[in-house]
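So the protein lines, in turn, are chains F, V and C. Each residue of the first sequence is one higher than the one before, counting from 1 in the numbering used here. Each residue of the second sequence is one higher than the one before, counting from 1 in the numbering used here. Each residue of the third sequence is one higher than the one before, counting from 1 in the numbering used here.
Among the clues, some could well be false.
[As the list claims (entries may be wrong)] Straight line, CA to CA, 27 Å or less: simulated BS3-like cross-link-like pairs of lysine-lysine: (1) F/K47 <-> C/K266; (2) V/K141 <-> C/K209; (3) V/K73 <-> V/K113.
Rather than coming from a laboratory, the hints here were simulated on the basis of the structure.
So you can see what is in the structure, the chains are spelled out below.
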Amino acid sequence: MMGNLLEHMGIERDRLHFSWISSAEATKFVDVVKEISDKVRALDTDKKLAKDYTK
Amino acid sequence: MDTCIEKIRTICADLLAKGEVQKVIGFAEGSIPMASRPIAVTSKDDVEKLVFNATCGLNLANYVSEALPKDGKIAVTAKGCDSRNLVTHMVENQVSRDRLYIIGIPCTGMVDKRKIAALFEDEITDFIEEGDTLTIVSPQKKEKVSKTDVLRHNCRMCTHRNPVVFDVMAAEPVEEQSLDQPFADVDQIAAMDPETRWAHFQELTKNCIRCYACRNACPLCYCPTCFVDESSPQWVGKGQDKTDINTFHFLRAFHCAGRCTDCGACVEVCPMGINVRDFTRKLNKDALELFGWEAGLDMEKRPPLDVYSPDDPDDFIK
Amino acid sequence: MNFITIDKKDWAGGIDKSRKTYRVFGPVQDENGCQLKPLAPDVYPLMDAGVTVMSPKSVLFPQTEKMLTATLDESSEDHHIMKPVEKDNTPRVVLGIRPYDARAIQMVKLNFDNPDYQDPYWCEAYDATTFVGLGINRPDSCDFSTSAGTGPFSEEGLDVLMADLDDRYLAKILTEKGETWAEACGFDTSADAAESQALFDILRKEAEKNITASVDTDRLSEKSILDLYEAPFWDDVAFSCINCGTCTFVCPTCWCFDIQDETKHKTATRFRNWDTCMSPLFTHHASGHNPRGSKVQRVRQRFMHKLKYFVDKYDQGIMCVGCGRCVASCPVNIDIREVCKTMNNYEKE
Numbered sequence: 001m002m003g004n005l006l007e008h009m010g011i012e013r014d015r016l017h018f019s020w021i022s023s024a025e026a027t028k029f030v031d032v033v034k035e036i037s038d039k040v041r042a043l044d045t046d047k048k049l050a051k052d053y054t055k
Numbered sequence: 001m002d003t004c005i006e007k008i009r010t011i012c013a014d015l016l017a018k019g020e021v022q023k024v025i026g027f028a029e030g031s032i033p034m035a036s037r038p039i040a041v042t043s044k045d046d047v048e049k050l051v052f053n054a055t056c057g058l059n060l061a062n063y064v065s066e067a068l069p070k071d072g073k074i075a076v077t078a079k080g081c082d083s084r085n086l087v088t089h090m091v092e093n094q095v096s097r098d099r100l101y102i103i104g105i106p107c108t109g110m111v112d113k114r115k116i117a118a119l120f121e122d123e124i125t126d127f128i129e130e131g132d133t134l135t136i137v138s139p140q141k142k143e144k145v146s147k148t149d150v151l152r153h154n155c156r157m158c159t160h161r162n163p164v165v166f167d168v169m170a171a172e173p174v175e176e177q178s179l180d181q182p183f184a185d186v187d188q189i190a191a192m193d194p195e196t197r198w199a200h201f202q203e204l205t206k207n208c209i210r211c212y213a214c215r216n217a218c219p220l221c222y223c224p225t226c227f228v229d230e231s232s233p234q235w236v237g238k239g240q241d242k243t244d245i246n247t248f249h250f251l252r253a254f255h256c257a258g259r260c261t262d263c264g265a266c267v268e269v270c271p272m273g274i275n276v277r278d279f280t281r282k283l284n285k286d287a288l289e290l291f292g293w294e295a296g297l298d299m300e301k302r303p304p305l306d307v308y309s310p311d312d313p314d315d316f317i318k
Numbered sequence: 001m002n003f004i005t006i007d008k009k010d011w012a013g014g015i016d017k018s019r020k021t022y023r024v025f026g027p028v029q030d031e032n033g034c035q036l037k038p039l040a041p042d043v044y045p046l047m048d049a050g051v052t053v054m055s056p057k058s059v060l061f062p063q064t065e066k067m068l069t070a071t072l073d074e075s076s077e078d079h080h081i082m083k084p085v086e087k088d089n090t091p092r093v094v095l096g097i098r099p100y101d102a103r104a105i106q107m108v109k110l111n112f113d114n115p116d117y118q119d120p121y122w123c124e125a126y127d128a129t130t131f132v133g134l135g136i137n138r139p140d141s142c143d144f145s146t147s148a149g150t151g152p153f154s155e156e157g158l159d160v161l162m163a164d165l166d167d168r169y170l171a172k173i174l175t176e177k178g179e180t181w182a183e184a185c186g187f188d189t190s191a192d193a194a195e196s197q198a199l200f201d202i203l204r205k206e207a208e209k210n211i212t213a214s215v216d217t218d219r220l221s222e223k224s225i226l227d228l229y230e231a232p233f234w235d236d237v238a239f240s241c242i243n244c245g246t247c248t249f250v251c252p253t254c255w256c257f258d259i260q261d262e263t264k265h266k267t268a269t270r271f272r273n274w275d276t277c278m279s280p281l282f283t284h285h286a287s288g289h290n291p292r293g294s295k296v297q298r299v300r301q302r303f304m305h306k307l308k309y310f311v312d313k314y315d316q317g318i319m320c321v322g323c324g325r326c327v328a329s330c331p332v333n334i335d336i337r338e339v340c341k342t343m344n345n346y347e348k349e
């Protein structure tokens with residue numbers, strides 16, 4: 001539902017990720033973080049919710 | 001709706017005289033036209049102060065926890081939406097049923113004060129309600145309008161006008177509305193492309209002064225310290241930066257997911273006229289479509305975001 | 001004191017001329033009623049509009065104001081040294097400010113510009129600003145300015161006071177700043193002083209007669225602070241309050257602010273925001289203790305400050321100009337006029 005609301009506001013759903021990772025699953029953690037970072041980086045041009053301190 | 005006030009006063013006088021409740025939470029006449037004021041009445045001699053009319057747009061469930069004495073009961077007058085928020089309070093263990101005496105008021109809707117003000121160029125100096133007819137007076141003109149035409153949007157969209165829980169009813173139940181398109185407003189936004197949707201929400205919140213009236217008028221917002229008020233760590237900046245304003249509105253709304261009864265108090269109180277329901281309405285639509293859930297109807301069921309079900313429509317946990 | 005007449009046909013042209021030297025502020029209509037805003041080059045002030053939802057205090061004291069910045073880049077010589085930010089203090093003019101709002105700015109001045117302390121941000125903005133007021137011919141029903149020590153044609157704090165005479169404005173130039181503004185607009189048709197003053201007096205009396213709301217303040221100063229503080233009525237006053245702080249934000253005299261630091265990457269910014277005594281954070285100590293932890297204490301603070309502490313400290317009447325904004329905007333209808341009456345009439349039993 002959170003993803004839906006973000007999307008409804010015009011923010012890409014891929015910026016939000018939920019995962020279940022046990023403390024024993026280090027490799028899974030790394031993989032998931034990589035995947036998320038790649039996805040978010042691909043959206044990078046968009047700074048909708050990033051604060052602009054130059055103003 | 002005026003007719004039920006005599007019954008409300010009789011019930012309250014009786015409850016207070018017998019000592020069954022320590023106080024009654026209701027509405028009093030406002031000091032300016034089109035205003036009403038939440039009030040706690042503790043003596044039967046004061047029940048005449050109680051009123052009920054189409055300007056009683058706040059949600060009295062918001063006042064219950066704070067007004068509750070150490071022991072004993074309080075009475076609260078409740079419209080359909082107020083009663084649903086009382087149920088939500090009970091489901092979330094904020095108040096127990098046996099501490100409350102609920103005086104149910106079947107409701108035919110509250111007026112949109114901004115919509116009425118927009119009909120006039122000058123200020124409104126008198127507001128008289130007789131059934132569905134509203135007589136509104138300004139220095140320049142006097143106009144009669146039908147209440148139905150100036151209802152708040154959430155009242156037009158309301159399908160639970162009658163209280164869902166009560167000890168006594170102040171009037172006969174009213175007919176419930178059935179809607180062809182219960183979420184036309186949400187669909188309209190959803191039909192826009194992402195950039196237009198973003199622009200819509202930017203335009204919506206551009207006048208926000210961060211008074212948090214929307215949060216404070218909401219019965220759902222009872223956290224001892226709200227995330228925006230947290231100072232260590234400070235999650236959200238406190239200035240007028242639009243990122244902080246967006247963050248506040250988005251997260252405030254999300255905290256109402258699966259809990260919002262669309263009572264409209266948030267919009268009613270906004271001094272800047274922001275329709276913050278544009279956020280929560282999307283959540284209400286999703287709660288209904290994904291979980292078949294409408295908040296505050298059932299004291300026995302847990303809210304959808306409170307439980308995990310193997311057939312959860314989302315696949316995010318992999 | 002000189003008077004000029006301004007034909008309404010020349011009004012827009014005059015404003016345009018003044019835009020060369022002034023940033024022009026004025027009332028405009030938006031989706032939420034009337035607001036005072038900086039005007040874009042093709043926008044003219046809505047002079048006959050109602051009272052603005054927000055007060056003009058933001059012209060000198062914005063809700064969020066950047067004060068200092070520093071770089072955190074340690075390769076830079078001046079890293080971590082806070083430096084003032086550049087401000088646009090070119091002359092600005094506020095057109096159509098209500099006379100009581102100009103009086104309110106003089107009250108705020110007590111806080112920002114006094115012998116002990118001069119706030120550079122506020123003072124520089126104040127020095128750069130010319131206030132051109134418009135007398136109120138038809139006061140609102142919430143207006144109780146005459147009993148709050150000002151009025152619909154009050155001159156205090158104004159550089160120019162104008163009166164709307166249908167086809168023209170009659171303007172009374174009150175200060176040098178006012179004169180400079182009139183020159184910049186090219187308004188130079190002088191009017192007979194005695195006649196004009198007589199006209200102003202008539203308009204003022206007419207307008208004052210139309211003010212129906214009032215507050216009694218005559219006995220506030222003789223009351224004991226502790227008696228009022230401990231009075232039993234505060235629970236009833238505060239019951240409906242949701243502590244939103246709308247009253248303090250719309251108030252032209254509320255001056256409290258909170259200073260915040262934010263950092264991002266290699267930049268630190270210090271800025272101030274309006275604060276509100278309605279918020280629990282207002283007095284929240286670093287220790288976690290909050291001396292005003294409950295709603296009723298906060299509501300009492302607001303009214304005691306405006307109607308008692310200020311009265312005693314400054315001997316200038318109440319810290320309220322009677323604009324009625326808080327009465328109109330309060331979502332739960334807490335009415336300062338009623339509270340003032342209750343306080344003024346309170347006798348300890």
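> CA of F/K47 to CA of C/K266, is that 27 Å or under?
Replying inline: Distance of about 18 Å is within 27 Å: holds.
>> Checking one constraint from the list: CA of V/K141 to CA of C/K209, max 27 Å. Satisfied?
In response: holds, 21 Å
>> Next pair to validate is V/K73 with V/K113; report whether the Cα-Cα distance is within 27 Å.
In response: Violated, at roughly 33 Å.
Violated hint for the displayed structure: number 3, the only one.
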